[in-house]
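Just so you know, the protein sequences line up as chains A and B, in that order. Be aware that the first sequence starts at 29, since it is given in our numbering, and climbs by one per residue. Be aware that the second sequence starts at 29, since it is given in our numbering, and climbs by one per residue.
Some clues are possibly wrong.
Pairs count within a copy or across copies, as identical chains cannot be separated in the list.
[What the hints assert, rightly or not] No farther apart than 25 Å at their CA atoms in a straight line, the calculated lysine to any residue pairs in the SDA-like style are these:
1. K274 x P342
2. K225 x H102
3. K274 x Q166
4. K353 x N209
5. K225 x A144
Quick caveat, the hints were computed from the structure, so don't treat them as lab data.
Here is what each chain is made of, one letter per residue.
There are 2 protein chains.
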Amino acid sequence: MIQPVTIALDCMGSDHGPREAVQAAARLTLERDDLRVILVGDVDQLGPLLDELSYDPARLSLLHTPQWVEPEDHPRTVLLDKPRASILEACDVVAAGRASAVVTAGSTGAAILAAAQRLGRIPGVRRAALAAVTPTEQTHGPKKDPFALLLDVGATLDASARDLVTFAIMGSAYAAAISGNPAPRVALLSNGTEAHKGPAEVVEAHRLLSELRGIEFAGNVEGLDIPRGTVDVVVANGFLGNVVLKMIEGVGEVIADLAADAYARKYLWRLGLTLLSSGIEQIQAVMDWESYGGAPILGFTQPVIKAHGRSRAPAIANACKVAAKASRSDMVRVVERSVAQLPTDAEELLA
Amino acid sequence: MIQPVTIALDCMGSDHGPREAVQAAARLTLERDDLRVILVGDVDQLGPLLDELSYDPARLSLLHTPQWVEPEDHPRTVLLDKPRASILEACDVVAAGRASAVVTAGSTGAAILAAAQRLGRIPGVRRAALAAVTPTEQTHGPKKDPFALLLDVGATLDASARDLVTFAIMGSAYAAAISGNPAPRVALLSNGTEAHKGPAEVVEAHRLLSELRGIEFAGNVEGLDIPRGTVDVVVANGFLGNVVLKMIEGVGEVIADLAADAYARKYLWRLGLTLLSSGIEQIQAVMDWESYGGAPILGFTQPVIKAHGRSRAPAIANACKVAAKASRSDMVRVVERSVAQLPTDAEELLA
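Taking the hints into account, I'd like the entire structure generated from these sequences.
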């Protein structure tokens, strides 16, 4: 039997309250004998929710925390104000070796800062990256996933050339671990495909990646290539990545609105849409990429998966499965080995 | 009668050859008595094309240039190698006061550099910006335009806080001149709506814009707001703007592909699409924003309009009309007055 993986599941601070996380965990204990879950949060809320459900008590435990991050808290100061917040305690459980991965549907900013404070970074990685999947026309990997990985989407707004290179390495290792793609094609997002295009840090990252072994570097891609899905992993600084990710969300919304508007207005359109419904559902499934399991916060020696704040139980369960998969993979070693090829600080200063 | 405006029309270097520009000019001389056109380019090519057409010779003249920029030329070096290139001569004609605006469907990079070399910058403006329109769900201005203005989209990759503020001022003045919107709402593109969100230069630009009179500053917008069209003018550095613009182009392509694919596959879908066709045309018209007249290169005392390389005669004619409108407006004075409110270099150093 496979060695079971224990997930520290932060149950607090999501849009729908702790119920979804508790339901996800209860169901996982009945469905998966290779997973254990530690529910982290307010026992007064979690206990009664758990009492209503059937679950395997051998695979589930509960860790009470008296504090948690609320949506209105400021991510930069909340961890000082609430030193026993559930996301910090979830990271501590992993740091202490009692669990192997953190999953949360709470504040992204607080999760990134908590992981930075309480978990060890992979040697050679200086800045964390938040990754997300974006829907694409082309499919990716052996499972023909209709989405690509984009990172960073907001953890590191200003990324140096070296940061961009480590993001490429981490994105490649994560895509390999999760989608089973042995050699994901990785590219830098720029304003042109030529090696000299882009700001200085992108040009320098291009040079470093061209010389790196063990990564399938495809050069630069442009904005066009994101919806097309030309490559499996797209690398950008957190500012650019965040704007791009939210833009995709906006495009999805606008298409849904236009379709709804057409539906309301005209009988013939309504009939047309009914006939087209299976096609539209297919497009919407691609757009609804959040059901594919959460955004990894990369750079730490243990996986941290951020599920969307709006996640329902199935999405949180999915995030737990992804976290277990990442924990079982050798992605940390792969990243460490690749990063070791990069010039050291002294070499960079002399270059 | 309105004072006529003369356009220096660079006819060389576009995808479809000089025919489209010559046709556009010939037609304009018959339709518009307030426009004059100087065709700039190789007389051996332009002459025979003109001979085939009917036009008003009182409103059209021809300026021969022995050189022009080819698509394969490197924009950074071509102007040194070809000092008599048509785009340079078109700018010279305007600098000499013989025409009031430049229109080109040739290389964007060469047009930006030629304008920087040969035309005067608006006092206080340090860096040029290339603007483009993006299709939006909400409409804008009194003409209910289904698109917003985005700048910079590639002229200035790294923009300082002050550059971003001048881009906001220029975008506002241009939108007012072209769309007849007396107070366009202008926003900075960032990774959150709060004033403290984004890299240092965006945060500082937010502060400067909040204090500026004569501009309708709406704060920060996120990626989501671009397809929605929350504001009339969106400001970003050239790197971010370029990625965003090309992404919109890519999304349009992918939607067209998905529709074509659905069309080919299934009889019921085909029927559905036929019934929906008027709605789909409407969406495609919004997507096909290039028909709305070209991208202005802003920052110079005379308008420079870059039409898309794929432009046919109607699009080039449209770009000429837009150039004339910009030339007649008081946008240069408006920009000058707004920029004068900004701190001078000395004040910035002391701040």
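Which numbered hints fail:
No hint contradicted; all consistent.
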